Structure formats: C-alpha cells, structure tokens
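Chains as they are written, first to last, in this note's numbering: chain A, 1 to 326; chain B, 1001 to 1326.
Since the hints were made in silico from the structure, they are not lab data. Just so we're clear, the structure is a prediction, and the values are computed from it rather than from any experiment. Ideal Cβ positions, reconstructed from N, Cα and C, are used throughout, including at glycine. Errors might be hidden in some of the hints.
Unchecked claim - Ranges of calculated distance between the beta carbons of each label pair, as one might list FRET restraints:
1. A:Glu-46 x B:Glu-1125: 26 to 34 Å
2. B:Asn-1011 x A:Arg-131: 28 to 36 Å
3. A:Arg-70 x B:Glu-1125: 49 to 57 Å
4. A:Pro-247 x B:Asp-1248: 51 to 59 Å
5. A:Arg-70 x B:Glu-1014: 36 to 44 Å
What the hints assert, rightly or not - Take a look, some chain B residues computed to stay more than 10 Å from chain A by CB distance:
6. Asp-1066
7. Tyr-1122
8. Asp-1214
9. Leu-1217
10. Pro-1233
11. Ala-1319
There are 2 protein chains.
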Amino acid sequence: MHVIDCLQYCNWSEKIFQQMREGGVDAVHVTIAYHENFREMVANVEQWNRWFERYPELIFQGRTGDDVRRARREGRTAIFFGFQNPSPIEDDIGLVEICHTLGARFMQLTYNNQSLLATGCYEEEDTGLTRMGRTVVAEMNRVGLVVDMSHSAERSTLEAIEFSTRPIAITHANPAFWHPARRNKSDEVLRALAESGGMLGFSLYPHHLKDKSDCTLDGFCEMIARTAEMMGPERIGIGTDLCQDQPDSIVEWMRVGRWTKEVDYGEGSAANAGFPPMPEWFTDNRHFGNVADGLAAQGFAAAEIEGIMGENWLAFFDAGFGVANG
Amino acid sequence: MHVIDCLQYCNWSEKIFQQMREGGVDAVHVTIAYHENFREMVANVEQWNRWFERYPELIFQGRTGDDVRRARREGRTAIFFGFQNPSPIEDDIGLVEICHTLGARFMQLTYNNQSLLATGCYEEEDTGLTRMGRTVVAEMNRVGLVVDMSHSAERSTLEAIEFSTRPIAITHANPAFWHPARRNKSDEVLRALAESGGMLGFSLYPHHLKDKSDCTLDGFCEMIARTAEMMGPERIGIGTDLCQDQPDSIVEWMRVGRWTKEVDYGEGSAANAGFPPMPEWFTDNRHFGNVADGLAAQGFAAAEIEGIMGENWLAFFDAGFGVANG
Chain A
1 MHVIDCLQYC
11 NWSEKIFQQM
21 REGGVDAVHV
31 TIAYHENFRE
41 MVANVEQWNR
51 WFERYPELIF
61 QGRTGDDVRR
71 ARREGRTAIF
81 FGFQNPSPIE
91 DDIGLVEICH
101 TLGARFMQLT
111 YNNQSLLATG
121 CYEEEDTGLT
131 RMGRTVVAEM
141 NRVGLVVDMS
151 HSAERSTLEA
161 IEFSTRPIAI
171 THANPAFWHP
181 ARRNKSDEVL
191 RALAESGGML
201 GFSLYPHHLK
211 DKSDCTLDGF
221 CEMIARTAEM
231 MGPERIGIGT
241 DLCQDQPDSI
251 VEWMRVGRWT
261 KEVDYGEGSA
271 ANAGFPPMPE
281 WFTDNRHFGN
291 VADGLAAQGF
301 AAAEIEGIMG
311 ENWLAFFDAG
321 FGVANG
Chain B
1001 MHVIDCLQYC
1011 NWSEKIFQQM
1021 REGGVDAVHV
1031 TIAYHENFRE
1041 MVANVEQWNR
1051 WFERYPELIF
1061 QGRTGDDVRR
1071 ARREGRTAIF
1081 FGFQNPSPIE
1091 DDIGLVEICH
1101 TLGARFMQLT
1111 YNNQSLLATG
1121 CYEEEDTGLT
1131 RMGRTVVAEM
1141 NRVGLVVDMS
1151 HSAERSTLEA
1161 IEFSTRPIAI
1171 THANPAFWHP
1181 ARRNKSDEVL
1191 RALAESGGML
1201 GFSLYPHHLK
1211 DKSDCTLDGF
1221 CEMIARTAEM
1231 MGPERIGIGT
1241 DLCQDQPDSI
1251 VEWMRVGRWT
1261 KEVDYGEGSA
1271 ANAGFPPMPE
1281 WFTDNRHFGN
1291 VADGLAAQGF
1301 AAAEIEGIMG
1311 ENWLAFFDAG
1321 FGVANG
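So that you can see chain A by itself, here it is in the shape it has in the complex (with noise of 0.2 Å):
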C-alpha cells in the first residue's frame, strides 16, 4: 500500500520529516504559493531545493507516480509542489509550462478570493471561467499541471470540471452535506467530479469538520463511507490540509497576503482567529494508520481501504503528471 497526503503545509523541519517517515507517507502535496509571485514562489522552490539537499535520506522532489513507488522503495518520501492560488503564473501563460518544469503538480485556480482565471469561494459574485482562466486550463491539460479548484466557488467548480479535458481535482475538501462550511462541496460538485474521473481529497482542517476539533475519527470515516456511495471508492484520497507547527500569523497571512489592509478571518472569526487545534487523533504525519484503521471499522474492504490512503492517488498522478497524449 503507498500512503499518499495530497495536501500539507507545515512549518517544516527535519522533525516532520521524519514522523512522515515514521508515519508511513510515501508523498505529499505541498503547497509553496499562497500569494506569492513566480519569483517569490521560485525562492520557495529554493528552499526545498535545500532541504533536499539537507535531508536526502527522508525526503526528495517528486515528479511522477513512479517517484511515488520510488519513495516506497527507498524509505523516503516524495515532496509533490502545489500552488493554492494561480499568483505564480502572474498574467503570463508561458509560465504554466516553466512551473511545471519546476516540479509544480497542482494548481488551484482560485485562493478565495476572484483571480485573473475563475471565482473564488468568498466572493459574493461567481462568474465562472474567466477567458484567461480556459486558455490556462488548456495548457494546464498540454503539460499535465492539475487543475485543482478546493477554493472555488461553485460556478467556477462546475465550469472547471466541464471545461478540462482531464479530470481535476478537489485536493482538500469535505463535502457540504456533512457539514456546511462555505470551502465545502455541494452534491452536485462531487457528482460532477467524479463522473469525469476527478479525485476528492478529505480534509483534516477543523473548519471543514463537523464538530471542528472536536470531530470524531468515528464521524470521519462515516462521512468517508457515505461520500463513497455517492462518488465511489476510487475517486476519494487523503488531503489533510496539515499546517503543523506554524504560527498563528501564517493563517492571518494565507487569508490576507497583500490584497486587504483589513483584517479577513475567513473561515475563523474575531474569537478564534488563529489556526485551530487538530482532532486529537489526527495531529502529525504518524497517524494515517488511524483513518486506515477508521476506514476498517466502517466495513470498508481492504482494497477500498488502500485505494483511499493513497492507490487512488497514485493512478490519478499516473494520469495526469505526464503531458497529454504522452
């Protein structure tokens, strides 16, 4: 079984590189751009270049579903890159394929707010695909950069899904009819996604959980199990949103950037403006053996269990990493 995380963004150290090591995970998703532009993001790439270069018994960059097997193979883990907003490629589409050469696998088309391509979960006013936003998607389709919409709004979604001609992705998300938060998905989203061969990763971020921190493993994997009726079992992985170890200000940042003088709480409010405690039984990289065991009690097979920690993942980046046709 490879154990596969489709979304992170720690406070990173050597420390959580070795409980991914010690928790099993072959790949991560993580994000290096929030806000940044594709110099900034390229000096964030620089970064990991170093931590590969520092750690390279527990960790290095990951291109392809066979870097996957790969991590498996050595006892490492295989660092994905992924951009929760389209800032890097600024207003210039030649700089779909340069990121992409650089290693980066997703990219969402929104943060929440409106960007230079679709719609963003918070606004009030959901136009859809901008006509910037279908020539980027179709180069993202040449290269194999995944489109990636968990922080889109719904027309935005749905036109996303429709207008790729490869599946997408909704990295880090829950669905809507579990618990209703606004980054959360509707059935009809979901349905879409899943006819089209896309992939639902489960969210781990409190405010996508019903009963936040205090959400039950019980409660998760049920939710798992009735989202696997509606999509089924090989259209839903793992996307913890795990922000371990970072302070306070980076979340204040990742709703903010440069756009607002104003202080945005997104989904927090003025009392719990911070970054909210993770489910007790899900803090670090050492847990995934608990969902697997959650996943289990709900009856599910051990082929649908391996296929939603990580297999359904792998096919998904077999598919769609490589340039079309290729």
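Once you've looked at the hints, dock chain B against the given chain A.
Using the frame of chain A, we list chain B on its own:
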C-alpha cells in the same frame, strides 16, 4: 556520427531549424541570456517552449547526452540552453539549481566585463574568481551546470579550471597562437583546459579568425590540426558562434546591454561596428560537411573527425550534465 555545435545565437526561425535538419546537426547549444536577469531569461525559455511546441518535427529541448542520441534516431535537433553571462542567477546561489532544472547546461562566469563571479576579457585588471564565484562554481559542479569561460580573462579562466572539480568548457573561441584576438586563448589556458579534461569549441565568428571573413577552410582546419597536437584530438569540438539573420542592433546590445550609455565596439570598431560576414564556406547550419571535409584534407583519421564534429562534445555532455557522482 553525431554533429554538435556548441554555440549559436541566431535570429531563430523555422528556416534555421530546417537548415539544422538539412545539415544533419543533432544538437546545438543556444544562448538564451547575455544580459537578462532571471525573469527575463525565463521569458526567453518561454519563447523557446513555443518553438518546441510549434516545430516538434524539427527541434526539442535537450537535457542529457542521450537526448543527442534520441535526436539522431528521430531525425530532429536537440536544443541545449546556455548563458553567456551569470546575470540570470542574479546574486542568488539558489538560482543555479533552478536554472539547471529549467534546462541550462552551460553558464559563462563572465561576459566581457567583470561579473559577480569573475573577470571578463575586456577588463584591465583580472582578479580571478570572486568569493561568490567560488561558491557558484561549487554549486554548478554539484548540479551539473558546466562552467564556460569563453569570454573570460586569463587569470579567471585558469582559476576556474583549477577550482572546478569537474571539467569546464570554452564553448566558442580559438587559440591566440593562430589569431591573437582578445577573446582567443593562450597556450597556457589551452594546455590547462586539456589536462583537466575540458573542451574547446572552435569559433567561426570572423573576429576570432585569421583573416576574419576571408579566412580559408584550409587555414581554419590547419589551425585545428595544430591545436589537436597541443590539446589532443579528444579535447576539441565545434562552437561556431553562428549569429545568422541577426540585425546589427543585436551585436550592439550584446556589447552594451544596460551597463553603459556609451558605444562599445567590443571586437569590432567604429568602421566595422556590425556583424561581420561569415566565411563563404560556413554561413549556416547546412555547411558542417565542409568542416568535416576540411578536417579530412588535413589528414585527420575518420574517428578523429567524428570526435571533433560531435562525439567529443557528446562524451562531455554525458559526463557533465548530471548531478555530481550521480
């Protein structure tokens, strides 16, 4: 036999790519930066990506020696990127690996002027490798970005040969014993280059030639024979410096960039400020056969001719472009 030209900077067009095919040229090292900063160099990669997308039957991006073999098999030309100045890495050592990831395989430590790394051949004082120069050479050695000293001054070049743990290249220059141009290289440099396993690419740019545009094929090939006696026939290849179809405004920009408001004539003069005409026996990529014929007329053995026309560069590419000890 593989044919490799280790330096061109043409005004690229389908016509020129087609001429590469007509001339049986398997690989070309093309300059993608003279004065460009990082972001400007990336824009040049974007332009190349569009050519690769538009003319896939003629060209593709080369990254390894095996791509030269693939080019020969598939009847295409592999294009390798290089910089004639370290300006794309700015003052950031992390950009060395980023540039290598984007495909850069050669980087001159200087163009004609002092750089952050070393001294160019037009400076009055040559202080050798700078502090940053030594750290960057070590990083280039680590990732497989080849040091190129074609435009650098004497002491800097000798220090680069000495300090670099992997063989370096002078991709496009000729021996000063034949034509004492400022850019041509001393016997001491050529001997040190050969002893360290480095490579010299013979230039066909008229300012580097005896009798300039009137240089004869015989004279050029006789010079190669004399250099082969000094360096060994495995340490030499071709680096034409072909600048086909470029307007004279380009050679002006190559010389002055943004560093001066004055006119600098470089290797030219006020009376001869533009691109000089190429020798009639080598005006474009269809004429490599003339050079091979000229080498045969000098008495080179068939295997030596194959080496000079491409196999020597290919062996150097194989050894030089990957990670150290990788």
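Hint check results:
{"no.": "1", "hint": "A:Glu-46 x B:Glu-1125: 26 to 34 Å", "in the structure": "holds (33 Å)"}
{"no.": "2", "hint": "B:Asn-1011 x A:Arg-131: 28 to 36 Å", "in the structure": "holds (32 Å)"}
{"no.": "3", "hint": "A:Arg-70 x B:Glu-1125: 49 to 57 Å", "in the structure": "holds (50 Å)"}
{"no.": "4", "hint": "A:Pro-247 x B:Asp-1248: 51 to 59 Å", "in the structure": "holds (57 Å)"}
{"no.": "5", "hint": "A:Arg-70 x B:Glu-1014: 36 to 44 Å", "in the structure": "holds (40 Å)"}
{"no.": "6", "hint": "Asp-1066", "in the structure": "holds (18 Å)"}
{"no.": "7", "hint": "Tyr-1122", "in the structure": "holds (30 Å)"}
{"no.": "8", "hint": "Asp-1214", "in the structure": "holds (43 Å)"}
{"no.": "9", "hint": "Leu-1217", "in the structure": "holds (40 Å)"}
{"no.": "10", "hint": "Pro-1233", "in the structure": "holds (37 Å)"}
{"no.": "11", "hint": "Ala-1319", "in the structure": "holds (22 Å)"}
Hint compliance for this structure: no hint is broken.
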